[in-house]
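K.L.:
Work the whole structure out from these sequences, hints included.
Protein chains in written order, with the working numbering: chain A, 1 to 213; chain X, 214 to 438.
By construction, these hints were calculated from the structure, which means they are not laboratory data.
Mixed in with the good hints, there may be bad ones.
[Claimed, not checked] Quick list of in silico lysine-lysine cross-link-like pairs, DSSO-like style, CA-CA up to 30 Å:
id	chain 1	residue 1	chain 2	residue 2
1	A	72	X	429
2	X	429	A	73
3	X	429	A	106
4	A	98	A	73
5	A	106	A	73
6	A	106	A	72
7	X	429	A	98
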Amino acid sequence: MNDLYDLLDASGTETTALRPPVPLDHTRSSADLLADDAGWLRHWSRAVNGAVVTLHDDALSLQLEARTNELKKRPLVDLLDECATRGFAWRDVARILKVSVPALRKWREGGGIDGAHRFTLSRLVAFCVIAESEHGVSDVAGWLEQPLVSRCPVTGLDLAADERFEDLLALASGQIGPESVLDEAQPGWRDAPDDGAEVFIAADGLPGIRITR
Amino acid sequence: MPAELETWSDPDELWLGRGSGTNPCRPIFTGDVFALGGEGFGQVVVLEHPCAMRAGARLADTVLVAPVTTHPLSSATRWREGHFDYAPLPELDGHTVMSACQLSALTRVESASLDRSTRTACLLPFGVNLLQQRLVWYLTRCAITTATFELAFSRFYEEADLLEEWCEAAIGAGVGIEEAEADGEGVLSARGATGTSPRELLADPQHRAAVRRLLKASAVERYGR
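P.N.:
As structure tokens, this is what we get:
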């Protein structure tokens, strides 16, 4: 029986059962070379792209930090007024600053603010200034209130409440798309609960909810 | 993923104001809690939908409410699994006590009995949406997500916020609350050159910041603040 056991039992190293592999032809075609070069370029460009993305992210952070530090010097009432004149709702500002609406009202009426909250408020205003002046967002508050993508309720305000101002600036600059931002910020966004309902305008002209499936 | 009853991770996500943090300038709205003080009532929470509650600045003659009691179930996650005849109102008193409104004891009260000075709390939009979700589930066993309620009714939450700010400015200038509310309603309803009112523009989130700017400018023009 000329099977593996026979081969293993065979004495000596000579056998006709085992043959050396036929060497491949080492001559490479131009297509091989082209594929090699393109693959290397692809790898190289990915590495460069990664480095440039990091550089841009760092630059956006530095820009935001520099503006924030300038704005921190301004009176509290001015910073709050910057939010109001842009049309932010106070409850949205409160959510971004992680304080209650009554606490924010006290600041509006002249109460003192601690350093951490002044920093976040300055950062919010700095973000608005950069989005307007550098990226052409004409109505920052209105822009932030819209859902990032149509099939998910997450808005720019939700990202601002998570202090993802750099992501928002990258989005405003057009360097990344909303789905990439959502993948990073809210990984489960594609699996949001679906109640099979839709909002419609009823016969009285006011909104209603109806089940569609 | 199918919809299910939602809950809160921090009670502060639900409350716009409690106790002294409740702004008397805010219009009476869904989710407001009042201490009625009359016979048979302690506190009640307003359940009437914003669409059905008022005609212009005027409240309907009667308003749908549910009585508020304390409740032994404190775990936020456990509320998803049962006690469907109650809607939780955690830390309503500002402390750790669990309160809830009894959905099986819905009733109507005279709107005249809802005095702003006896309002003890107001809910944030998420809190109102959660309350609506619970009420619809109790009445119909239909689970609607809070995101859908938000999409449908956020324009009314905006209206309430805008009227609150308007009334703050008006009262600061010595105007009475009823006159202030009527003035604010008038500005919200006034049609501009395009035939559209600020109230109608609130239906689209992208216009809301512009409407806030408009009302702020109008309040400054009218009341100097």
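K.L.:
Of the hints given before, which are not true for this structure?
P.N.:
none
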